[in-house]
Amino acid sequence: MHKLLSKDTGSQVLLLGNEAIARGAIEAGVRIASTYPGTPSSEISNNLFQVSQESDLYFQFSTNEKVALEVAAAAANSGVRSLAIMKHVGVNVAADALMTLAYVGVKGGLVIISADDPYMFSSQNEQDNRYYGKLSGLPILEPSSVAEAKEMIIEAFNISEALKEPVIFRTTTRINHSTGIVELKDITPPVLKGDFVKDPFNYVTVPAVSRKLHVKLLENIKKAESLSDNSPYNRISGSGSFGIVTNGVSFGYVSDALNDLDIKDKIKVFRVGFSHPMPREKILSFLKDLEKVLIVEEGEPYMEETIKAFAQEAGLTLSIRGKAENLFSRLYEFDPGTVRKVIADYFDIPYSPPETVDLSDIPEIPARPPNLCAGCSHRATFYEVKKAAEGTDTVCPTDIGCYTLGFLPPLSMGDFLICMGSSVGSGCGFSAVTDKKVISFIGDSTFFHAGIPGLINAVFNNHNLTLVILDNGTTAMTGHQPNPGVDMAALQFGGFGKVSIEQMVKACGVQHVEIIEPYKVKKSISAIKEALDFEGVSVVISREACALFAKGFKKKPSRAFHVSGKCKNHKDCINELACPAFFIDGEEVKIDPVQCTGCAVCAQVCPENAILPVKEA
Amino acid sequence: MKPIRLVIVAVGGQGNLLASSVLGEAALLAGVEVKMSEIHGMAQRGGVVESAIVFGDAKSTIISNGEADVLLGFEPSETLRALGKCNGNTVVITNLSPLPPFTVAIGRGVYPDIENVQGLIRSKVSRLVAFDAQALAKEAGNVLAVNMVLLGALIQAGIVPVSADHVRTAIKTRTKQEFLESNQKAFELGFAAAGQAL
Ligand code: SF4
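Heads up: the protein sequence lines correspond to chains R and F, in order. Each residue of the first sequence is one higher than the last, beginning at 69 in this note's numbering. Each residue of the second sequence is one higher than the last, beginning at -9 in this note's numbering.
Check before you lean on any hint, since a few could be wrong.
25 Å max Cα-Cα, derived SDA-like pairs, lysine to any residue [what the hints assert, rightly or not]:
| no. | chain 1 | residue 1 | chain 2 | residue 2 |
| --- | --- | --- | --- | --- |
| 1 | R | Lys391 | R | Pro422 |
| 2 | F | Lys128 | R | Phe651 |
| 3 | R | Lys590 | R | Glu570 |
| 4 | R | Lys202 | R | Ala163 |
| 5 | R | Lys71 | F | Val22 |
| 6 | R | Lys409 | F | Arg71 |
| 7 | F | Lys128 | R | Ser626 |
| 8 | R | Lys75 | F | Gly21 |
| 9 | R | Lys202 | R | Val283 |
| 10 | R | Lys175 | R | Thr256 |
| 11 | F | Lys166 | R | Gly547 |
| 12 | R | Lys658 | F | Leu89 |
| 13 | F | Lys166 | R | Ser74 |
| 14 | R | Lys334 | R | Phe354 |
| 15 | R | Lys280 | R | Ser294 |
Because the hints were derived from the structure by calculation, they are not lab data.
So that you can see chain R by itself, here it is in the shape it has in the complex:
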């Protein structure tokens, strides 16, 4: 049995934040969950996918976050509890659905998980999705710990049903990827069968209907404000004439700081867990007797702006500060030491910071950037495209996935990236205004997610670009989730369809399509050349399984290669491919047989044919 289905009520278990969130949803009786994977949210989905194999939960990996939310919205309006899971930037993709879903509302509880990523550990920006609460009008709940996350998501479903609106459950990486002790509670069996009752004058958002629905949404925001005012998640602790308002993981840093500084009796703390709408009345009564207040929140001054506005309306003139040059930054994530220091500075508390070690005489340590795996098929494709395009002035917009790492030297393939699917759309723009040859790179999963409209645009508007689709049969970067191009039957999962990338590409009107096997270097280079020579839109589908994913299925490891005595030390292998299986031993180039996957790409690159398979013992 999956550990998240444990019936061991009352037992204490150690769970990753994302496991705790998944367990909370299960305890709440979630019937359906949909997602597009994205760090730091992915483990919620991976766990629920596994759970769905052995329970009544229906789970799907959707093509993108917008579709995921639409799926969940329909299920919730058929009366069952639904969950849509995405990373913060995924909410941008889903935003079109989100904004009007707020007008329509729900019947069964619908919770939307937005996993924000301050510091951008694995994201292209660190946007603060609390503003989606303001923008859409929907309630937002934010846990401060792993244990609280599990309890709070259950409450999120309850609030959603009480208000008949979706609820946004906002986490940050340090909740998703922290581990803590969690107490298991009973699992509520989900309502299995939904039913949709026709009511077009409340569901079909033509202007006349939406004008009515907007009134309803504003009424719901009012109700939500009173829920927020009375919510146990918005709570005050401590006493004193100074105040701190804080949320999320910052609450932990504040609590530890007050202990360390020994000022628990001097400072009152307001922990905000229900952050949209902000609890106006509770905040005002909190501010009333205070001399000065510090707002401790990562990201944007979301609470700070709101609280200042509340104070202004009530005619309060105490000092309320948060984001400022000598206080907190809008950049990156917080840490306990920074929070402690700012609290001490702001409230004039005597404090000596811990003495760190002197690092001035530490030699420079070589960087350890992440690298494509040994044997990764993307490396071969990038090398081949580079060779095929030699002498051509190119611009290479890239996209989001493991292959983004191809922008690093020595491959250096990747010139522009803003979001999922932008390789194709931006490629159209580059081709329109520059004389350069545009070569766009996109992975299979990202192609399905957001690449197809860009490709159709390229064909319709007659752009001159080559799109290289790196089809490795999985969503590798986020932990090998399936996508519509994956043969699920081959992975022993029944009940799935399959979409062919080449048929898709042809149906988009692309006239020149090449399919290559990237481990065959010469053949691939000449096929890519043909595609590059084609005037108009051409597509190269580079098809080879993700090496890391494939490892898990191989019965017997492939034969590794080694560098033989024929090596003349050109180091083309290392300098042009940079496969991490290579290392230098003294002056000699060597291959680590444990890392080598036997892809033989380097053997085809070596001008001396010095790289040979290891003889079987």
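Position chain F with the ligand against the provided structure of chain R, taking the given hints into account.
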């Protein structure tokens, strides 16, 4: 209980997430409050993996610069890179077997001298326990058991509030059957080695 803060640094693939989960499980068995956080976005792609484990009464799950009580390094240059987490009272335990990053192979960096690394660390912190954990892992019959060797050394150093027996039990519940024996052996070898390396 006053918080004890442990930072573990490793290279992706060295198994530090398993090491942290064993420690977490051991703390649960010992009835010690524990919180951990890890950054493992690109771990499988050879980057640096850092975990923070906080035992005792604290709410934070991350550890600021200068605030680690123990730094456990799975790779010597990574131990050195993480030295900013330490203060004068920190105990540092490190594997000495290097895994040079790929940037060194392509001439974009120089790997630091190991002797020098040890001297530097020793001069800045309260205690350094340094030994070749990879050799002991091999001796235990599994090169990949470096994590268990280092866990042994960590427990022997006696700073984190879990006993060797709790860890032994946690190793049993958290590791795959096929690696159990070598993992247990690796743990004991690390435990003994750290006793001698003081
Ligand atoms: S996980 Fe797969 S796609 Fe990603 S770098 Fe490794 S081999 Fe390449």
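Hints the structure fails to honour: none
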